[in-house]
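Novice: The whole structure should be built from the sequences, with the hints applied where relevant.
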Amino acid sequence: MIQLEQVTKIYRTVNGPLRVLDNVTTVIPTDRNVGILGRNGTGKSTLLRLIARAEAPTRGRIRANCRLSWPMGFSGGFQGSLSAIENIRFVSRIHGVDWRQTVKFVEEYTELGNFMRMPVSTYSSGMRARLNVAMSLAIRFDTYLIDEIPGVGDARFRKRFDDSFKMIKKESSLILVSHDPGSIKKHCDVVMMVSKGKLHLYENIEEALKVYENE
Amino acid sequence: MNKDDATSFSVQLIVINALILREIQTRFGTSNIGYLWAIVEPLFVLIVFFLLYELLGRTPPGGMELVPFLATGVTAFYGFQNTIKRLEKSVDANQGLLLYPQVTPLDVMIARGLLEASTFLVVFGLIIFGSWIFDLTPPIESPLVLIFILIDLQLLAFGFGCMFCIAFMMFPVIDRFMSPVWRALMFLSGVFYTMDELPEMTQDWIALNPIAHAVDLLRGAYFASYTPEVASLSYLLEWTCGSLFVGLMLERMFRHRKPNS
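Chains H and S, in that order, give the protein sequences. For the first sequence, position 92 (counting from the first letter as 1) is numbered 342 according to the numbering used here, and the numbering increases by one without interruption. For the second sequence, position 13 (counting from the first letter as 1) is numbered 142 according to the numbering used here, and the numbering increases by one without interruption.
Each hint should be verified, as a subset may be incorrect.
[As the list claims (entries may be wrong)] Partial pick of chain H residues on the chain S-facing surface, computed with a CB cut under 8 Å: (1) R303; (2) E305; (3) W320; (4) S331.
Hints are computed from structural coordinates only; laboratory data are not their basis. Yeah, the Cβ is synthetic: ideal placement off N, Cα and C, and Gly gets one too.
Specialist: Okay, here's the thing in structure tokens:
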């Protein structure tokens, strides 16, 4: 589980300080799949990055007792100026995984071919999504932090993504950020709603979606 | 928290290692001559200054040989400048990788700093070796002191590099101001003269600059014929400790503000 203790996150903006999370104390379960739901700009992605320790809270502490992935999203996690292979080497090295095997796996999964040797910044969003999903499958975590399930790409890869998520869910749990009720319903067991700097846990997904739609 | 301390140190080593390998790939691996360029460039600068001195018929003060005079001056200064410039952009250039919780701005800076410092030492060594082959240098008087000062100069650069990196992160505009500052600094750092030969009033001002101290100390360690009067090792070390302290403190204070995406 992930414990948030009096977590506050404030960003400085041109319009003055923006309080994204306001003194939040709560527990996010990691033995079930959690969907994080909220309107655009309410701080869903920020919450995920805080949990992943990609960013530090302004005040408060966040503790986790399991191995968490980095926040996986459409674009994040890759250095655009490096090729896929160079990125994979780096990520494998810092996670203590053999990079040759990872490269081989990603090559087969993504079918990126010669693009594997080109800078990631030249990829289309569909290709990035493929690379992202493949990378996340190559390294095992207890809980995967996912910022929107990629819906891009052709039908064949969309099916492949879906199968992959089913596979991940067998051994690990998900924390999934989305503003799409459909994918939350499909992949999650409980919902964490972000609104006005606070978090609310809903055990019942239908109830959460009703609140979300009326907001 | 404490039980992870031993492992967090080894994680940091793994991260720094991975970052160095990644830096080598982009810094040196994009073109075919790759790493060679990082070595050729400072050699080229040295040769240009060598020819300038020869053509103008100028000689270094105190009977110092020209090549080591330039190596301890121009090359040392460029090594200093280069490390700071590379550190300044280090966080910016690795933005995408800071997403991984293991990777902190400090790791990125250490990786770059180590790489630049070792490249600089290799270049310096090559110059000395080359001039030894062509009989352009006397034997080094105190090699260990020389190496110590060279490393110290790189540490000083690391401290300032951290400061500039954080400053650049917060106010990217400072980049524009740096270019003329560097140009002026080159003439204020004792690269083309020793502090000892300056008139007293100028000397007082130049002696505030720690780089000028480092350059004179390098020459004092290199040439048996030259003993610096003004340069002070303790002054240089105070600046080094000070810059490292401020640089690392700033990194710690502003680490959480990494401006991601």
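Novice: With reference to the structure, classify each hint as holding or not holding.
Specialist: Cross-check of the supplied hints:
1. R303: 4 Å, holds
2. E305: 7 Å, holds
3. W320: 5 Å, holds
4. S331: 6 Å, holds
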